[in-house]
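Engineer: Single-letter residue listing:
2 protein chains.
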Amino acid sequence: MKDITLKEIATKLGISITTVSKALKNYPDVSEKTKKAVIELAHNLHYTPNSFAVNLRTKESKTIGLIIPEVVHHFFSNIINAIIDEAEKNGYLVIILQSNESIELEKKQVELLINKRVDGILISLSNGSNNDDHIQEIIRRNIPFVMFDKISKLSKCSKVIIDDQIAAFNAVQHLIDNGCKKIAHIRGPLNPQNSIDRFIGYKKALEKNNIPFDPKLVYPCENVTFEEGYHFAKQIINEHPDVDGIFTITDLVAVGVLSFLNDNEIKIPEKIAVIGFSNWFMSQVVTPKLSTIEQPSHEMGREAFNLLLEEINCHKEEKNFEPKQIVLETSVIARESSIKKQNIY
Amino acid sequence: MKDITLKEIATKLGISITTVSKALKNYPDVSEKTKKAVIELAHNLHYTPNSFAVNLRTKESKTIGLIIPEVVHHFFSNIINAIIDEAEKNGYLVIILQSNESIELEKKQVELLINKRVDGILISLSNGSNNDDHIQEIIRRNIPFVMFDKISKLSKCSKVIIDDQIAAFNAVQHLIDNGCKKIAHIRGPLNPQNSIDRFIGYKKALEKNNIPFDPKLVYPCENVTFEEGYHFAKQIINEHPDVDGIFTITDLVAVGVLSFLNDNEIKIPEKIAVIGFSNWFMSQVVTPKLSTIEQPSHEMGREAFNLLLEEINCHKEEKNFEPKQIVLETSVIARESSIKKQNIY
Numbered sequence: 001m002k003d004i005t006l007k008e009i010a011t012k013l014g015i016s017i018t019t020v021s022k023a024l025k026n027y028p029d030v031s032e033k034t035k036k037a038v039i040e041l042a043h044n045l046h047y048t049p050n051s052f053a054v055n056l057r058t059k060e061s062k063t064i065g066l067i068i069p070e071v072v073h074h075f076f077s078n079i080i081n082a083i084i085d086e087a088e089k090n091g092y093l094v095i096i097l098q099s100n101e102s103i104e105l106e107k108k109q110v111e112l113l114i115n116k117r118v119d120g121i122l123i124s125l126s127n128g129s130n131n132d133d134h135i136q137e138i139i140r141r142n143i144p145f146v147m148f149d150k151i152s153k154l155s156k157c158s159k160v161i162i163d164d165q166i167a168a169f170n171a172v173q174h175l176i177d178n179g180c181k182k183i184a185h186i187r188g189p190l191n192p193q194n195s196i197d198r199f200i201g202y203k204k205a206l207e208k209n210n211i212p213f214d215p216k217l218v219y220p221c222e223n224v225t226f227e228e229g230y231h232f233a234k235q236i237i238n239e240h241p242d243v244d245g246i247f248t249i250t251d252l253v254a255v256g257v258l259s260f261l262n263d264n265e266i267k268i269p270e271k272i273a274v275i276g277f278s279n280w281f282m283s284q285v286v287t288p289k290l291s292t293i294e295q296p297s298h299e300m301g302r303e304a305f306n307l308l309l310e311e312i313n314c315h316k317e318e319k320n321f322e323p324k325q326i327v328l329e330t331s332v333i334a335r336e337s338s339i340k341k342q343n344i345y
Numbered sequence: 001m002k003d004i005t006l007k008e009i010a011t012k013l014g015i016s017i018t019t020v021s022k023a024l025k026n027y028p029d030v031s032e033k034t035k036k037a038v039i040e041l042a043h044n045l046h047y048t049p050n051s052f053a054v055n056l057r058t059k060e061s062k063t064i065g066l067i068i069p070e071v072v073h074h075f076f077s078n079i080i081n082a083i084i085d086e087a088e089k090n091g092y093l094v095i096i097l098q099s100n101e102s103i104e105l106e107k108k109q110v111e112l113l114i115n116k117r118v119d120g121i122l123i124s125l126s127n128g129s130n131n132d133d134h135i136q137e138i139i140r141r142n143i144p145f146v147m148f149d150k151i152s153k154l155s156k157c158s159k160v161i162i163d164d165q166i167a168a169f170n171a172v173q174h175l176i177d178n179g180c181k182k183i184a185h186i187r188g189p190l191n192p193q194n195s196i197d198r199f200i201g202y203k204k205a206l207e208k209n210n211i212p213f214d215p216k217l218v219y220p221c222e223n224v225t226f227e228e229g230y231h232f233a234k235q236i237i238n239e240h241p242d243v244d245g246i247f248t249i250t251d252l253v254a255v256g257v258l259s260f261l262n263d264n265e266i267k268i269p270e271k272i273a274v275i276g277f278s279n280w281f282m283s284q285v286v287t288p289k290l291s292t293i294e295q296p297s298h299e300m301g302r303e304a305f306n307l308l309l310e311e312i313n314c315h316k317e318e319k320n321f322e323p324k325q326i327v328l329e330t331s332v333i334a335r336e337s338s339i340k341k342q343n344i345y
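These protein sequences, in sequence, are chains H and B. If you read the first sequence in the UniProt record's numbering, its first letter stands for residue 1, the second for the next number, and so on. If you read the second sequence in the UniProt record's numbering, its first letter stands for residue 1, the second for the next number, and so on.
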């Protein structure tokens with residue numbers, strides 16, 4: 001169907017295009033009678049303002065871009081949920097792109113969003129991100145911009161994060177408090193800041209409790225999957241049969257660990273205690289129920305959007321905007337996989 | 001940072017705007033020397049074409065809209081994944097909106113996308129959808145449009161679905177083949193077509209096997225949650241202690257059922273066999289592993305996007321487009337929650 005233009009409405013009513021335009025905007029210098037006629041005809045013809053023309057005039061697209069590593073991921077899907085709900089409340093639409101943990105794709109996507117002239121960009125970096133030219137380009141162009149969860153520490157922009165070092169420290173301290181003396185860590189890949197920080201938190205907790213750090217007890221995931229958790233649990237049992245606790249980079253990996261231990265009838269937590277990270281939904285429904293770190297995904301999405309909106313509004317009012325960093329609280333969720341019997345009674 | 005215009009490039013080089021524009025488009029009537037100078041300067045000034053102006057000229061936004069009931073949902077997040085990957089390969093961006101199962105929100109979102117002049121719309125209907133004025137409006141405007149998974153049967157548009165009746169029939173037949181004689185059904189809400197069809201499939205399987213249908217054994221979910229599964233399992237055990245099989249509308253509900261049965265040490269599948277629907281990831285990691293129906297979410301997303309693209313291209317070429325319906329195959333995934341011992345040996 002052809003779109004209706006102001007010109008067609010004007011022709012049909014025998015008035016000027018300017019009058020039609022003014023009538024639709026409720027200008028005082030158009031008579032009520034004319035306004036009524038224009039509005040009725042516009043309605044009957046299903047007239048909608050051409051959004052491209054509106055965009056060209058206001059220089060606003062009322063659209064923001066969101067780049068995340070993965071959509072099929074409990075933590076990120078919760079963040080998407082919060083961002084699109086918050087954006088909608090504020091009249092913004094969200095274009096979502098997933099980098100699939102590829103830096104090349106992430107760079108291309110940033111370029112796409114810049115060319116699309118979105119009003120702002122939200123990013124959680126891919127694991128592959130080891131240079132940040134594309135991030136610098138967003139900042140150089142002064143496009144409203146917020147990084148969340150997986151960030152690069154040095155970039156000068158707003159950030160919403162948790163303190164991964166403290167959260168990981170608390171996870172490992174929880175295992176120690178439950179009697180673990182030899183704790184393995186299934187870590188994330190080497191690049192991402194959150195993977196590095198969780199590893200540092202693990203080391204700091206050992207140090208604080210005078211447990212010697214043994215690099216052989218650290219197993220790095222490449223893709224952070226269930227299968228890697230299963231595989232590394234097997235390797236840990238074979239190589240270090242006296243390990244009595246495992247701290248993993250995320251719940252998905254921890255569930256892989258539980259699965260291997262269950263399949264081999266190794267008692268959890270009596271023989272090995274396990275703690276994950278992120279409090280995925282499935283952690284409450286696996287057997288035994290998985291202890292983990294609560295990471296406030298919904299709050300993270302909401303705060304990230306609101307920081308972006310604050311910057312967008314500052315730009316509109318031509319005010320200066322100083323990037324902000326918000327650090328959200330985490331907590332240990334203690335469940336069956338780590339609470340040893342002697343601590344229950 | 002201010003955006004660079006063609007005019008600024010023209011002024012700096014002392015040539016006309018037309019020449020700059022032609023140089024950037026590699027027109028043959030501009031000298032190589034001028035082209036080189038324009039391209040270099042455009043690159044150095046970080047010139048990007050104004051996408052709003054490009055949109056206004058081409059009448060294409062290269063953006064499509066996707067409305068789904070929920071983002072935090074294993075099945076839908078897999079579909080989103082497939083759609084944005086497929087869209088990106090074909091040069092399209094995807095605006096994602098979630099209706100949160102609200103018909104009011106869904107109607108508003110359709111209007112937003114129409115006003116945004118997206119090149120096409122993909123929808124999986126909310127459970128609340130009991131009238132389809134907004135759907136008719138998309139069709140009336142001749143906007144390329146595909147419904148998937150949760151559809152309205154009467155709308156004249158392309159559709160990608162599974163045969164929910166056959167899939168549900170097979171799930172219940174599987175329970176009967178494993179010795180179940182009295183099977184309860186925790187169904188979805190009353191409106192959505194897929195919920196109705198799964199219920200019909202359940203009834204047909206009973207009928208085929210000469211098991212009398214008892215409406216008291218059917219429990220309707222309002223929100224299709226884990227908690228409802230837990231709650232209805234309790235109710236079933238209290239009201240009908242001789243029920244020996246449960247078929248649920250989706251895996252999330254089935255996992256709630258398993259959780260209640262486990263907490264109360266009711267043996268699965270010896271006392272009660274359970275089968276879900278959709279093959280969520282967690283179904284493989286709960287105890288016992290959950291039997292379910294494999295529903296091809298990735299394929300559904302891909303097919304839905306490609307049907308939409310076909311329609312978009314037909315419109316561009318001003319060809320007629322006849323709506324198509326694609327029905328994808330499903331299969332029973334038999335796991336521990338339904339395979340009774342006598343059938344294993």
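Check before you lean on any hint, since a few could be wrong.
The calculated lysine-lysine pairs, modelled on BS3-like cross-linking and capped at a C-alpha distance of 27 Å, are [claimed, not checked]:
| no. | chain 1 | residue 1 | chain 2 | residue 2 |
| --- | --- | --- | --- | --- |
| 1 | H | 116 | B | 59 |
| 2 | H | 181 | H | 108 |
| 3 | B | 267 | H | 271 |
| 4 | B | 216 | H | 271 |
| 5 | B | 204 | B | 216 |
| 6 | B | 216 | H | 89 |
| 7 | H | 107 | B | 25 |
| 8 | H | 289 | B | 289 |
| 9 | H | 116 | B | 216 |
| 10 | H | 7 | B | 59 |
| 11 | H | 59 | B | 25 |
| 12 | H | 181 | H | 289 |
| 13 | B | 89 | H | 108 |
| 14 | H | 12 | B | 59 |
| 15 | B | 7 | H | 59 |
Just so you know, the hints here were simulated from the structure itself, not pulled from any lab data. Treat the numbers as computed from the prediction; the structure is a model and nothing was measured.
Engineer: Could you work out which earlier hints the structure fails to respect and list their numbers in ascending sequence?
Structural biologist: Checked against the structure, the hints that fail are numbers 2, 4, 6 and 9, while the rest are satisfied.
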